[in-house]
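K.L.:
Listed here are the chains, written in short residue letters.
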Amino acid sequence: MTDTERHEYDVLVIGAGGAGLRAAIEAAEHGLRTAIVCKSLFGKAHTVMAEGGCAAAMGNVNENDSWQVHFRDTMRGGKFLNNWRMAELHAKEAPDRVWELETYGALFDRTKDGRISQRHFGGHSYARLAHVGDRTGLELIRTLQQRIVALQQEDYAETGDYEARLRVFAECTVTELLTEGGAIAGALGYWRESGRLLVFSAPAVVLATGGIGKSFQVTSNSWEYTGDGHALALRAGAELIDMEFVQFHPTGMVWPPSVKGILVTEGVRGDGGVLKNADGKRFMFDYVPAVFKGQYAESEEEADRWYADQENNRRTPDLLPRDEVARAINTEVKEGRGSPHGGVYLDIASRMKPEEIKRRLPSMYHQFKELADVDITAEPMEVGPTCHYVMGGIHVDPDTGQSRVPGLFAAGECAGGMHGSNRLGGNSLSDLLVFGRRAGLGAADYVAGLGRRPVVRDAEIDAAAEMTLAPFAPTAPGVASENPYTLHAELQRMMNDLVGIIRTEAEMAAALDRLGELRERLHDVVVEGHRQYNPGWHLALDLRNMLMVSEAVAASALMRTESRGGHTREDHPGLDPQWRHRVLRSRCPRGPGDDAVVPRVVVEPAERVPMREDLLALFDVAELEKYYTTPELAGHPAGHSAGSPQGGTA
Amino acid sequence: MTAPARDVGSRGVDSPGRAAVGARTLRTDRWWLPPAATTIGILIFLVYATVRAFQQQYFFADERYLTPFYSPCVSYGCASEPGSAHFGMFLPDHPLIPYAALSLPFLLLFRLTCYYYRKAYYRSFALAPAACAVPEPHATYHGETRFPLILQNSHRYFFYLAVVISVINTYDAIVAFRHPTDGFVVGVGNLVLLANVTLLWCYTLSCHSCRHVMGGRLTHFSKHPVRYRLWTWVSALNTRHATFAWITLGTLILTDLYVALVASGTITDLRLIG
Amino acid sequence: MSYTGQFRVWRGDADGGALADFRVEVNEGEVVLDVLHRLQATQAPDLAVRWNCKAGKCGSCSAEINGKPRLLCMTRMSVFEHDEVVTVTPMRTFPVIRDLVTDVSYNYTKAREIPSFTPPAGLAPGEYRMGQADVGRSQEFRKCIECFLCQDTCHVVRDHEENKESFAGPRFLMRIAELEMHPLDVADRVSAAQDEHGLGRCNITKCCTDVCPEGIKITDNALIPMKERVADRRYDPLVWLGRTISRRRD
Ligand SMILES: Cc1cc2nc3c(=O)[nH]c(=O)nc-3n(C[C@H](O)[C@H](O)[C@H](O)COP(=O)(O)OP(=O)(O)OC[C@H]3O[C@@H](n4cnc5c(N)ncnc54)[C@H](O)[C@@H]3O)c2cc1C
Ligand code: SF4
Ligand code: SF4
Ligand code: FES
Ligand code: FES
Chain A
1 MTDTERHEYD VLVIGAGGAG LRAAIEAAEH GLRTAIVCKS LFGKAHTVMA
51 EGGCAAAMGN VNENDSWQVH FRDTMRGGKF LNNWRMAELH AKEAPDRVWE
101 LETYGALFDR TKDGRISQRH FGGHSYARLA HVGDRTGLEL IRTLQQRIVA
151 LQQEDYAETG DYEARLRVFA ECTVTELLTE GGAIAGALGY WRESGRLLVF
201 SAPAVVLATG GIGKSFQVTS NSWEYTGDGH ALALRAGAEL IDMEFVQFHP
251 TGMVWPPSVK GILVTEGVRG DGGVLKNADG KRFMFDYVPA VFKGQYAESE
301 EEADRWYADQ ENNRRTPDLL PRDEVARAIN TEVKEGRGSP HGGVYLDIAS
351 RMKPEEIKRR LPSMYHQFKE LADVDITAEP MEVGPTCHYV MGGIHVDPDT
401 GQSRVPGLFA AGECAGGMHG SNRLGGNSLS DLLVFGRRAG LGAADYVAGL
451 GRRPVVRDAE IDAAAEMTLA PFAPTAPGVA SENPYTLHAE LQRMMNDLVG
501 IIRTEAEMAA ALDRLGELRE RLHDVVVEGH RQYNPGWHLA LDLRNMLMVS
551 EAVAASALMR TESRGGHTRE DHPGLDPQWR HRVLRSRCPR GPGDDAVVPR
601 VVVEPAERVP MREDLLALFD VAELEKYYTT PELAGHPAGH SAGSPQGGTA
Chain B
651 MTAPARDVGS RGVDSPGRAA VGARTLRTDR WWLPPAATTI GILIFLVYAT
701 VRAFQQQYFF ADERYLTPFY SPCVSYGCAS EPGSAHFGMF LPDHPLIPYA
751 ALSLPFLLLF RLTCYYYRKA YYRSFALAPA ACAVPEPHAT YHGETRFPLI
801 LQNSHRYFFY LAVVISVINT YDAIVAFRHP TDGFVVGVGN LVLLANVTLL
851 WCYTLSCHSC RHVMGGRLTH FSKHPVRYRL WTWVSALNTR HATFAWITLG
901 TLILTDLYVA LVASGTITDL RLIG
Chain C
925 MSYTGQFRVW RGDADGGALA DFRVEVNEGE VVLDVLHRLQ ATQAPDLAVR
975 WNCKAGKCGS CSAEINGKPR LLCMTRMSVF EHDEVVTVTP MRTFPVIRDL
1025 VTDVSYNYTK AREIPSFTPP AGLAPGEYRM GQADVGRSQE FRKCIECFLC
1075 QDTCHVVRDH EENKESFAGP RFLMRIAELE MHPLDVADRV SAAQDEHGLG
1125 RCNITKCCTD VCPEGIKITD NALIPMKERV ADRRYDPLVW LGRTISRRRD
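Heads up: the protein sequence lines correspond to chains A, B and C, in order.
The first sequence runs 1 to 650 under this note's numbering.
The second sequence runs 651 to 924 under this note's numbering.
The third sequence runs 925 to 1174 under this note's numbering.
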């Protein structure tokens, strides 16, 4: 290809969110030549939207907090499906990663004695979320961005070139990973600005591309979340796990239609806001599930006392894990107790002084004022569930972040396992830092230990380039061309309706049919105009990835015949302990005759690695019995409590 | 650095590479209104103040009200109104030397270098820029980097002097409660003087240099609790600095007018006490 | 409650372009970006618009609406009359790439020129202690979403291309203020603010403050305090007299 530019790096990081930037910092600090590629401008990645905070058991607000408590909360939140090693590393390393941000210049909100303040969030036993008002993600990404600039300035001082060792390729989209003999050799992408193609040669690639929410109609996610990393990894030969688990955040805006889905941070509830239905009733008290019985307040009085005195009271059920709250709201609305625009009320106005609300939740105040003409200091907000986060992702080694494909690493939202079936709020930002760093380290070690670097082959470049430019090719004579925007809208509506919060077997089967049909139609998409900053073309390419990922989600959801966390089957409403120890893996077999544009995804069950015994011992056996089968608990030091039936009701 | 000769049509928003929109500005609102209003307001004040400063008449009323435009009254000419010179008389009595020649130039410079007034006259008189996103007419621009505008950086010194003058104005307002023959009295004029001096303090203390001196220059507020507290107060006032700047222009005129009208016998001062 | 709105959108690239007229459906509660998306989906599929979060958080969608620098995603259609023509152009201070998308690399270049955060040597992570009072000022500046609307509106560079070289712009002068007021930073950027980053070119006319979608008081809280710090350092009256005279000579 004549107009293709070539670049050579040691590590190529795809994604400039928290995970990607942290990985790049680590790789660069280990002396590797590192490139960061991102679809949007530098500093605009999705992480910027995170609001509530970053969970780390620093114990600044409550000294009883420790990594063990954080670990237990994370496992419970994920209904014991989490990769326990990841949850362990995460709980242990998160405090260091947050403190490290301070050494990069971050300014978190402070406690009275000058330490980092921490706030309450759903599912966390103690106030644990380091935060800056309700713009924590912005602080995180800006801090990492500025750290990257600092490293570039060091290189400049040394070499006279800011980009000698670390370069950001902004507004550049990777469309294919290139491999040699099954190992990573590089990647192909295009500049959004000019449409020109570029090829990277790099023995290690870190995927940090975030989530998949743009396949759903009502979502808190931005256009970037088209599941690129998930799809790139599949096509390169890696596996995805847990794709059936999609988190619907309970509180998204519901009105006006143009902002439907935009997030209302959980910090509103963490700071005292409560959910009410149309009758003004605080309905969450009716929705505490069996597995959490006894852990949450049973009366409004106790719940209100808890804000002031957490030692002697139990927390309000408004702060149950997100999957529970989202389902509760869904039920209230379905049973006719919703608000006028199909949500429920989130009330902070009657519980806090206006100035206090504005100080603690400035961007929420601003968001409702500007976008919905609602003054949250005077009236309740209307909220409803919105697609927010994907727990599933690329299957990686917990310690190094390496996938099944040598040289392919993943971290952040696009990696799977850490959050099990449901992520706790605030656990993502800390996940980005902990595993971003580990993936950077893993990549550095991998590159250092590499004898010979895999080589990018021209044939593969040409094939990838052809695929990237395909949407400009006219359809065969007599075939009507498709509009990418229409296709995207149909996909979103279908996923929302069929693969949403509540699922059934019939709906899943229908969804897979519809996906097959959309796949066919994608072949006929033709984009107008030139390659220069052409959003229609960009969307046509993103659709490939969205369709693959949607198939993985729908096929996994069809297979898992139980309800757990971010996967609720109306036809299989209970937790099934037999499903706890099984994981669903998605991969691309890439057989002959397979569709080249959107290769088929197959899903297979496999066994999870049992939890290490010292970690298992951190839990009460009575609690474990709700999730585990009896034989699995044989290793627990307390054995299993005599006479109790095999656990798992809920 | 001299500006290279360039095609007037291709600078600023019409520079090569920028979007060729055609219109210099697409603003559809009445963006010219605020600068026009500012110009008129400032001109009114300047004309009034100049006339009054050189009038050398009607500046002292009821043997106790001294207008701020003549404070401190230090010219030999102040002898025409016995009791008006609180700090002695030493400047020659000359039609071109205002009686308060010791304070007026500095008050003028205080306001001339004030960060708010700078904004106001840069926008309205210099049209740099007249309004946001409206192109300015100048071919080159250096801001406050060179003489004479670099002198704006001396603002703080005029602030210090303004504090001294405000103290003098305060003294004037207080001694005005004492009538040479009737002793302690309170008239409407006292309230006028008092209101005026209070607002002058609000303007003076809300100054950005004041904010800086009080605590703004510190990095660690928690190590200086008293200065932090002061900074917090000044900061609160500071958000209204522009408002005070305009209000005090108005109250200065009204106060002076009141004194002048009483002094000329046009109206009589209403005594509330005594 | 829909109506047909009249839009004029600048279309073109660095070689030229023009305002194109569109008639397009507008629904209740929509923002300008929604309408542009409808244009993309129905009438102009290759209309280039940069955006990301559509919630006023990322600062990608900066443009000019009826001549005023604004975020497309935070400008509600309800602020316009139904029969009003809404004119949308790209930011006019930066080179245009295509349609509403501009090349904002000027800002990233300037960001790189500001000396980074410099912590005291030997302080270990987690040992940091600073009060809320100490971090408050810099936190205000860190609310910045880097939409670069302030950079776009600032007449120093908007009206004078040649100043781009010597002027960092409000966003990055504010970054200097942020670091100077940062309780843990030990570097000194005061003189550089004036000499290298062009603080003196700012004439505090506050357009940056007027357009900032985050409501940051850039001029009052960052630029003027920095000017005062520079005055501390540089404009002792006698010193400046000497300096001004010598500068006028050469
Ligand atoms: C509204 C909202 C609020 C949230 N609040 C919180 C919170 O309070 N606490 C918390 O812990 N979590 C929160 N989350 C979740 C959390 O923000 C995200 O999960 C997290 O930021 C993901 O970070 P990441 O580094 O994995 O990816 P991202 O930050 O999303 O970055 C992805 C990057 O990959 C790039 N990219 C993607 N595809 C390609 C491609 N093909 N080629 C090149 N580059 C590509 C993108 O341009 C981008 O730079 C929130 C999420 C949302 C949406
Ligand atoms: S106040 Fe200064 S920086 Fe801000 S727009 Fe005006 S001249 Fe530019
Ligand atoms: S200071 Fe305000 S206007 Fe300027 S870039 Fe930041 S958010 Fe945008
Ligand atoms: S008097 Fe206005 S800033 Fe000092
Ligand atoms: S799209 Fe993010 S600010 Fe408008």
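Certain hints may be false.
Only pairs whose alpha carbons sit at most 25 angstroms apart, straight line, appear in this in silico DSS-like list of lysine-lysine [as the list claims (entries may be wrong)]:
1) Lys293(A) <-> Lys281(A)
2) Lys353(A) <-> Lys1088(C)
3) Lys1088(C) <-> Lys112(A)
4) Lys1067(C) <-> Lys369(A)
To be clear, the hints were calculated from the coordinates, so they are not data collected in a lab.
All values derive from a computational prediction rather than experimental measurement.
K.L.:
For every hint, state whether the structure bears it out.
P.N.:
Results of checking the hints against the structure:
1. Lys293(A) <-> Lys281(A): holds (20 angstroms)
2. Lys353(A) <-> Lys1088(C): Given pair lysine 353(A), lysine 1088(C) is violated - Cα atoms ~46 angstroms apart, limit 25 angstroms.
3. Lys1088(C) <-> Lys112(A): The given pair, whose Cα atoms are some 43 angstroms apart, is violated under the 25 angstroms limit.
4. Lys1067(C) <-> Lys369(A): Satisfied, since the Cα-Cα distance of roughly 18 angstroms is no more than 25 angstroms.
This entry does not satisfy hints 2, 3, going by the numbered hints stated previously.
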